[in-house]
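Peer 1: Based on these hints, arrange chains B, C and D on the given structure of chain A.
Protein chains in written order, with the UniProt record's numbering: chain A, 1 to 391; chain B, 1 to 391; chain C, 1 to 391; chain D, 1 to 391.
Check each hint, because a few of them may be wrong.
[Said to hold, decoys possible] Short derived list, chain B residues pointing at chain D, Cβ under 8 Å:
| # | residue |
| --- | --- |
| 1 | L32 |
| 2 | G33 |
| 3 | T107 |
| 4 | I128 |
| 5 | A130 |
| 6 | P132 |
| 7 | P135 |
| 8 | T139 |
| 9 | H187 |
| 10 | N215 |
| 11 | A241 |
| 12 | R243 |
| 13 | L246 |
| 14 | R330 |
[To be verified] Simulated pairs of lysine-lysine, DSBU-like, Cα-Cα distance not exceeding 30 Å:
| # | chain 1 | residue 1 | chain 2 | residue 2 |
| --- | --- | --- | --- | --- |
| 15 | D | K134 | D | K87 |
| 16 | A | K29 | B | K29 |
| 17 | C | K315 | A | K376 |
| 18 | D | K29 | B | K29 |
| 19 | B | K127 | B | K376 |
| 20 | D | K29 | C | K29 |
| 21 | B | K376 | A | K29 |
| 22 | B | K87 | B | K315 |
| 23 | C | K376 | D | K87 |
| 24 | C | K315 | C | K87 |
| 25 | A | K134 | A | K87 |
[Said to hold, decoys possible] Simulated restraints on C-beta separations:
| # | chain 1 | residue 1 | chain 2 | residue 2 | range |
| --- | --- | --- | --- | --- | --- |
| 26 | D | P117 | C | Q163 | 48 to 56 Å |
| 27 | D | Q58 | B | K127 | 33 to 41 Å |
| 28 | C | E269 | D | G272 | 53 to 61 Å |
| 29 | C | A61 | A | T310 | 54 to 62 Å |
| 30 | B | E343 | C | E123 | 50 to 58 Å |
| 31 | B | E343 | D | P349 | 37 to 45 Å |
| 32 | C | A118 | B | E343 | 28 to 36 Å |
| 33 | A | Q159 | B | Q159 | 24 to 32 Å |
| 34 | C | D374 | D | Q326 | 21 to 29 Å |
| 35 | B | Q192 | D | D111 | 49 to 57 Å |
| 36 | D | E269 | B | E269 | 41 to 49 Å |
| 37 | A | Y103 | B | N377 | 39 to 47 Å |
Because the hints were derived from the structure by calculation, they are not lab data. Quick reminder that beta carbons are idealized off the backbone N, C-alpha and C, glycines included.
Take a look at the letters that make up each chain.
There are 4 protein chains.
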Amino acid sequence: MWTLEGFASVPGNRLESMSQEIEIGLGKKGRLGYSLDDVAIVPSRRTRDPEDVSTSWQIDAYEFDVPVIGAPMDSVTSPATAIAMGKMGALGVLDLEGLWTRYDDPTSLLDEIAGLPAEQATERIQKIYAEPIKPELITQRLHEIRAAGVTVAGSLSPQRTQQFYSTVVDAGVDLFVIRGTVVSAEHVSSGQEPLNLKKFIYDLDVPVIVGGAANYTAALHLMRTGAAGVLVGFGGGAVSATRQTLGVHAPMATAIADVAEARRDYMDESGGRYVQVIADGGMGDSGSFVKALALGADAVMLGAPLARATEAPGKGTHWGAEARHQTLPRGYRTTVGTVGSLEQILFGPSHQADGKTNFIGALKRAMASTGYVDVKNFQRCGMVVTPHMAQ
Amino acid sequence: MWTLEGFASVPGNRLESMSQEIEIGLGKKGRLGYSLDDVAIVPSRRTRDPEDVSTSWQIDAYEFDVPVIGAPMDSVTSPATAIAMGKMGALGVLDLEGLWTRYDDPTSLLDEIAGLPAEQATERIQKIYAEPIKPELITQRLHEIRAAGVTVAGSLSPQRTQQFYSTVVDAGVDLFVIRGTVVSAEHVSSGQEPLNLKKFIYDLDVPVIVGGAANYTAALHLMRTGAAGVLVGFGGGAVSATRQTLGVHAPMATAIADVAEARRDYMDESGGRYVQVIADGGMGDSGSFVKALALGADAVMLGAPLARATEAPGKGTHWGAEARHQTLPRGYRTTVGTVGSLEQILFGPSHQADGKTNFIGALKRAMASTGYVDVKNFQRCGMVVTPHMAQ
Amino acid sequence: MWTLEGFASVPGNRLESMSQEIEIGLGKKGRLGYSLDDVAIVPSRRTRDPEDVSTSWQIDAYEFDVPVIGAPMDSVTSPATAIAMGKMGALGVLDLEGLWTRYDDPTSLLDEIAGLPAEQATERIQKIYAEPIKPELITQRLHEIRAAGVTVAGSLSPQRTQQFYSTVVDAGVDLFVIRGTVVSAEHVSSGQEPLNLKKFIYDLDVPVIVGGAANYTAALHLMRTGAAGVLVGFGGGAVSATRQTLGVHAPMATAIADVAEARRDYMDESGGRYVQVIADGGMGDSGSFVKALALGADAVMLGAPLARATEAPGKGTHWGAEARHQTLPRGYRTTVGTVGSLEQILFGPSHQADGKTNFIGALKRAMASTGYVDVKNFQRCGMVVTPHMAQ
Amino acid sequence: MWTLEGFASVPGNRLESMSQEIEIGLGKKGRLGYSLDDVAIVPSRRTRDPEDVSTSWQIDAYEFDVPVIGAPMDSVTSPATAIAMGKMGALGVLDLEGLWTRYDDPTSLLDEIAGLPAEQATERIQKIYAEPIKPELITQRLHEIRAAGVTVAGSLSPQRTQQFYSTVVDAGVDLFVIRGTVVSAEHVSSGQEPLNLKKFIYDLDVPVIVGGAANYTAALHLMRTGAAGVLVGFGGGAVSATRQTLGVHAPMATAIADVAEARRDYMDESGGRYVQVIADGGMGDSGSFVKALALGADAVMLGAPLARATEAPGKGTHWGAEARHQTLPRGYRTTVGTVGSLEQILFGPSHQADGKTNFIGALKRAMASTGYVDVKNFQRCGMVVTPHMAQ
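Bound conformation, chain A alone (with noise of 0.2 Å):
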């Protein structure tokens, strides 16, 4: 849908060191990659108190105290929990091809999604999702978010941005996210007009967030486009299907320091832009998150984690845009569970050490622990690798 348009290449230096790979076999080599349960952080300087450290991140001109974000998951960010999420301090992003913008009132879709069996979850979920996405509800459901006073944002995938994008920007978002299983910044179409993502993004008024990316090439070409923000990951809960189906992985410890590294080049070699990094997918307790911060990222967008809210529209199942795919579905409806208030999630109290509540007291913590006062910094924190570790 878009294409390639002068990128320069990638520098020449960066590629040489990528000098961790190996040969799988003669003549076909491979880069050793490392999953967020592969590292863990060791303190080993300073330490200080919880209550000094500060949590905050900004993006664009909107700031936020806590760097959450809720995933575009039907079974997560509904219009209530969106605008939930804004008056915590996170930022929720609503799916504009989910349930809110197909059907008027999707509450008894919801209910019943939730109450499939397993085995009968995705073949449901396809029919459900056939239903035509209609412009006036992406309209409506914006609005809706609007008139509660905190920043709006959502979401559409690169197939149908074309289609949709200026029913959105009419509609008015403050944050525009571009997300899919892969994006890149060139796409060659035989079939219809590609979108030219940098022409896109510099002719939009909104900021706009894209991805998913998952390693330096990829990420770099997505800021060279103008992105305000690049997607880390291959999105939503949905790895190890899209492993399963497809033969495609990015270990996401190592996604993200690469993507990491495409910003600091990317800052040098744009006089100073700063591309935010939003860690996308597989972090399902608050260890992983708090590494992913630790690793590179600025801000973490978060699906099952929330979906374990008391009030999220999933009622304790939990499934993403990879599961309605309606001949190639690469992700499922699971059962995720209610483990507390989505305030109880973010900020505490915990009544259990599963990772799983008080997500914010636990990086404040551990960001104590190693001594760093905010989250820019806490970017530096040694890390210990542990592959062989049983988790």
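Peer 2: Below, chains B, C and D without anything else, positioned relative to chain A:
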């Protein structure tokens, strides 16, 4: 059964480049090997529309829409499913030492095998396969497939090739497959005059696919016999049982990459003969299928995935030649279940994200995500190694 | 709570020798870390009789027959079990912020905690420990232990040391333990005047054991405060919960070896002061206990192994300070069962080969198998790394 | 019990070649070790007919058709099964400290042990083995085996060798086995005059097999005592329990390769004396058995595989000397089940592909697949290392 004849030695620089040897103990080195689960595909450049992608491949004069070969196993390929596969653009290879050449009508035996309790299955299978092979049934089965107008392919083990090949050739096959657990170009026997594989293939008018080979040297020698294709792996779904019983194992990712490199070198030394590399065994989901192609295979021989078809003769169970060995079985009759029609397994639509249906849709999407338009170019795609990751 | 004061920096050559760093992703490195399960002892030289082996160790003026310290956890060390441990040649450390200093008679609460259903345990424990600490009970408990004629040791968290240390010192302790998840020599606080750890230890007449520290730098700084011993690890059995909630983790084998090296370097820079290295946490069986000593620990603080004693106050359950945090618990009350008397756990006989009894017998036999006669020399024994081995 | 006497030191270049040491932590290195599960055999050259393969081996004047030694464990080798093994071309070693030398007729005790509930087994076994050893029963048992016309072999622990060896020698054995968890050439004892192993072996007319040794140095020293064979490993099936209780472990693949290298070096320094290397412990299936030989073992001492015979005295259960230690047991009585006759376990036919029957058939097929005609040459076969592969 066959003997070496004037093979040049392996180029020295190749052996030296097998650099990832590690010391198992003093005086014993081993090379690090990677399974398909240890590796994954990482998108990094452009993307494409899945519809713009071609999945065709060709061996000798025969072209196929999809790089899928039905394994010569009685649970997968009967005359009927060989025809069905052919009509869908794939190739089905009939096991010419299986039930269809031992019995006039094996359908009740197939039913019986599918219904056996697990602990009795091997012993009963050994008995059923003790029935002698009837040459006239070989002829009859191949004629049945021929009559349907699809490409005709049949398989013999190295041990039976001498005895039955003239029957096979007289009956008429388009592709002749010699398939064993380990097949070498140089077989030494004190008991009988060994088959000279090079002379055999030279004399035969029919293109030959031969294997399993599991590394560079073995594959290069097989290529030098004049084979049109080489099977990579130790055959069927018996990988773990072969390791447990014999201690023999070849991790597939490494094996495929090695044999692909042998193809490159053989193309050079032969002045341009391109030998098809066919991954055989252990690809149980579409992700593994896609990765095998990404590692250098031109096509993939599928067992378990096709045994899960509603039309499959195994009726939800699956076994190979290893399981019927009279004194040292190295495989099981396993229960694989039924997930959809053959067409759904190859082309979708999927209603589960488990990689068991829509193999070609998955391949097209993976190719689109990495920006390649045909299978040959897809062999160059970038990969990541995550040996420590729980699957 | 405490602040840095004129610490010299870490010797440059040390930092350079931390050579096993690997690239997690571009621009982010991490050091490879090993758990106790990843390593093992390999006999290679002479052997000895187990009876010829000495297991004694000494800290300051206090000598003990066995290098075992009962952890300051209410499930392990009560005044009664501290006395029992002392009489057996070990050391028991009373948690001075535990139930015994909050309640006149906590026995019914201990019973209640042991009987709680798992899912309610944390919340009820949080409530029980919300009761304030009574200074007069600190005094009373320490007097009870003193009266029995054994070495008296009590533990405070860094947060409470300022508030209660004079009570502790006035009551009389032989060894003063400051124990927290992460304790640094340099703590920065905006809220209150931080405790100057170096001055504090200098002014105190009592030898201080302080920790947890998890690497060379942190431990070296703690040694420079004048501590008699340093605790290695993040405390208690909460290792996996700390990783899951905070993303913080220090593999124990690596941590112990690092801190032992800090001891060597500090001994050099201090002109001969030997600081005791005490492994703390995660040693659930006698094999881990033995390996901790082989890696360089002088003594080991045991939690779960002693909580399995018939006399243990936890009555077959086990929890630490991490489990009672009011808003961010990082540990559980676990069920560890009861395996024998305290004496049997330390000295046998064993009637199971599960490493849960006869810790000292196991240590003696391991020392005998490798030919060492005392714990200090045993620190030089050969080890093997098997990170890929299923446990 | 025995003492060093003028052993030359290990050649310097050997120690330097132990190159795969890695840093566990600062100042503590460990060598990477591999288990049998971490490695596999890879065919790469010619193939042969399994019928052309010889599996014979020889120690001193005694030749055997198959490289299998029945372990001196009461669940495996009784006088009756020692005779049966001998008649099948294997060697059975009677434990001369087992039930057969403590009781006139232990059959009812064997029945009792086989029927004990798991949790009571160790304690009851400790009591049963508390009965003293009767010298006259040693004599009687060895005479029984001698009378059957097979090679006679008996085993003592290092601790009992001084006390009973003259009884054993007077009774007449062809091969004398000294087997302990860790046996060193240099044992230091303050309690009693140690046995001088070198002088002992020199004075004895009978060839001695001695071990366990687990690395190059220990094995080389044992070879220098004049032993005819060295046992590699820590004995029996107690590997994981030894690791759990003592922290002691030697990964078998590395240990076998190391000891095989010691054999090569000792052959050089001794002017041609070839010491048999016998892998002992942890080979539970035929795949592991085959790999042990491929790594350099001349023969394999089998426990659990032979305990699964219908004739086995353990009647489907299995235990070794480690399980009967009076105060520190390091092994269990495990349930291994019964899979077929001794003959079927050694020579097939198999009716399951689980590696529990037809060990010799498996060995012959593996040798045929790699093109070797005898066990000695098979030690040169190529191997692959797959430490990360799930088993």
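Peer 1: Evaluate each hint against the coordinates.
Peer 2: Going through the hints against the structure:
{"no.": "1", "hint": "L32", "verdict": "holds (5 Å)"}
{"no.": "2", "hint": "G33", "verdict": "holds (4 Å)"}
{"no.": "3", "hint": "T107", "verdict": "violated (25 Å)"}
{"no.": "4", "hint": "I128", "verdict": "violated (13 Å)"}
{"no.": "5", "hint": "A130", "verdict": "violated (12 Å)"}
{"no.": "6", "hint": "P132", "verdict": "violated (19 Å)"}
{"no.": "7", "hint": "P135", "verdict": "violated (24 Å)"}
{"no.": "8", "hint": "T139", "verdict": "violated (29 Å)"}
{"no.": "9", "hint": "H187", "verdict": "holds (5 Å)"}
{"no.": "10", "hint": "N215", "verdict": "holds (5 Å)"}
{"no.": "11", "hint": "A241", "verdict": "holds (4 Å)"}
{"no.": "12", "hint": "R243", "verdict": "holds (6 Å)"}
{"no.": "13", "hint": "L246", "verdict": "holds (5 Å)"}
{"no.": "14", "hint": "R330", "verdict": "holds (5 Å)"}
{"no.": "15", "hint": "D:K134 with D:K87", "verdict": "holds (28 Å)"}
{"no.": "16", "hint": "A:K29 with B:K29", "verdict": "holds (21 Å)"}
{"no.": "17", "hint": "C:K315 with A:K376", "verdict": "violated (46 Å)"}
{"no.": "18", "hint": "D:K29 with B:K29", "verdict": "holds (21 Å)"}
{"no.": "19", "hint": "B:K127 with B:K376", "verdict": "violated (44 Å)"}
{"no.": "20", "hint": "D:K29 with C:K29", "verdict": "holds (21 Å)"}
{"no.": "21", "hint": "B:K376 with A:K29", "verdict": "holds (17 Å)"}
{"no.": "22", "hint": "B:K87 with B:K315", "verdict": "holds (21 Å)"}
{"no.": "23", "hint": "C:K376 with D:K87", "verdict": "violated (53 Å)"}
{"no.": "24", "hint": "C:K315 with C:K87", "verdict": "holds (21 Å)"}
{"no.": "25", "hint": "A:K134 with A:K87", "verdict": "holds (28 Å)"}
{"no.": "26", "hint": "D:P117 with C:Q163: 48 to 56 Å", "verdict": "holds (53 Å)"}
{"no.": "27", "hint": "D:Q58 with B:K127: 33 to 41 Å", "verdict": "holds (39 Å)"}
{"no.": "28", "hint": "C:E269 with D:G272: 53 to 61 Å", "verdict": "holds (55 Å)"}
{"no.": "29", "hint": "C:A61 with A:T310: 54 to 62 Å", "verdict": "holds (58 Å)"}
{"no.": "30", "hint": "B:E343 with C:E123: 50 to 58 Å", "verdict": "holds (55 Å)"}
{"no.": "31", "hint": "B:E343 with D:P349: 37 to 45 Å", "verdict": "holds (41 Å)"}
{"no.": "32", "hint": "C:A118 with B:E343: 28 to 36 Å", "verdict": "violated (49 Å)"}
{"no.": "33", "hint": "A:Q159 with B:Q159: 24 to 32 Å", "verdict": "violated (54 Å)"}
{"no.": "34", "hint": "C:D374 with D:Q326: 21 to 29 Å", "verdict": "holds (25 Å)"}
{"no.": "35", "hint": "B:Q192 with D:D111: 49 to 57 Å", "verdict": "holds (51 Å)"}
{"no.": "36", "hint": "D:E269 with B:E269: 41 to 49 Å", "verdict": "holds (46 Å)"}
{"no.": "37", "hint": "A:Y103 with B:N377: 39 to 47 Å", "verdict": "holds (43 Å)"}
Of the hints listed earlier, those the structure fails to meet are numbers 3, 4, 5, 6, 7, 8, 17, 19, 23, 32, 33, in rising order.
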